[in-house]
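J.: Starting from the known structure of chain A, fit chain B onto it as the hints suggest.
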Amino acid sequence: MITDWSPARLDVEGRVLEVVRAPHPVLATEGATVDPLDPEMIQLAADLVATMRVSPGCVGLAAPQVGVAAQMFSLDVTGHPKTRTCHGVFVLCNAVVVEASRNEKAREGCMSVPDFTGDVKRATRLTVTGVLPGTTEEITITTDAFEARALQHEIDHCSGKLFLDRVAGAHAVYPRKVYQ
Amino acid sequence: MSQLAVTVIGPDRPGIIADVTEALAGTGVNLEDSTMTLLRGHFAMMIVCAGPFDEVKSALEPLRGELVITVRTMGPEHEHAPIGPPYMLSVHGADRPGIVAAVTRMIASAGGTITDLATRLSGGLYVLTAEVELPPTAELETLDRALEITAEELGVGVTLRPAESDEL
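So the protein sequences, as listed, match chains A and B.
For the first sequence, counting from 1, position 134 maps to 134 in our numbering; every step adds exactly one.
For the second sequence, counting from 1, position 143 maps to 143 in our numbering; every step adds exactly one.
One chain only, chain A, in its complex shape (with noise of 0.2 Å):
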């Protein structure tokens, strides 16, 4: 069960990994599929929670993130307003969407792309397979809203895809706006 998982089961101790910013060659290179089961694998869904602890408004992390172009991302949209359906903190492998409907628009940014953001038209009801790290069975992970949005984000970067590749027209990306 994905409730029951956290990251305390991969027994490793998650280190804070330095976060790539686009145009980096990693992030638009497609992830390689990876050995669940392999430490060094564990001991990156450790990093990748860590790095997504520290960063502030993070609610995921993909791997070709912090620079490895792997089929990994840890998500944890707990407490997030739009949030509806919430599995808490997980790490996933391997993860393909096999069901997908009800596209909504919505602004999106990423620790990734820092000076833009962008409207992307995504599925709010959403089913995801994928393998949690250190075990071997496939899970299936039906959600909505919010963590469906975040799922499908985390999913592209690991196929080496940005928001600003799916962006919803010729005038939706927009400077990032930060103010005081």
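Everything labelled a hint here was simulated from the structure, so no lab data went into it.
Hints may contain errors.
As the list claims (entries may be wrong) - Below, a sample of chain A positions facing chain B; criterion: calculated Cβ distance under 8 Å:
#1 R53
#2 G57
#3 C58
#4 V59
#5 G60
#6 T83
#7 C86
#8 R107
#9 E108
#10 G109
#11 A172
C-beta atoms are modelled at their ideal positions from N, C-alpha and C, and glycine is treated no differently.
T.: Just chain B now, with coordinates in the frame of chain A:
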């Protein structure tokens, strides 16, 4: 090298962007921010780029005629400091003069600034969409009410909603 503002407008045909940007690329100029769109059959471009004024002007010379082209030197890059959180403003209704003026005046009165605005007219329907920044001190309820009153006078509908992005 100075910061240049290049504007181009003319009746639309295939290849305007290719012609203009090829001429600019020939002088070694890199396009920075630009916006280009089709307005009622006229293609309009606004480009900000850094380059040598005289060379850019003469590279674009052969394109003048059907295209109205201006090249202007601008001061150093003026950093836009956002004044507050972003909002989306939409207005739509029967066309009549003064809609943009009245609505943008309300935004300005609240201390807000507009960073992007487009209007479209199709048949009798007029549509305005804008990105607006409002200072954190702006009284949203008062502004909403002022916009509603203005909209009612104009016979249009207006909505102002937050455009905050989700961090993923």
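J.: None of the hints should be skipped; say for each whether it holds.
T.: Verification of the supplied hints:
no. : hint : verdict
1   : R53  : 14 Å, violated
2   : G57  : 4 Å, holds
3   : C58  : 6 Å, holds
4   : V59  : 6 Å, holds
5   : G60  : 6 Å, holds
6   : T83  : 10 Å, violated
7   : C86  : 15 Å, violated
8   : R107 : 4 Å, holds
9   : E108 : 5 Å, holds
10  : G109 : 4 Å, holds
11  : A172 : 11 Å, violated
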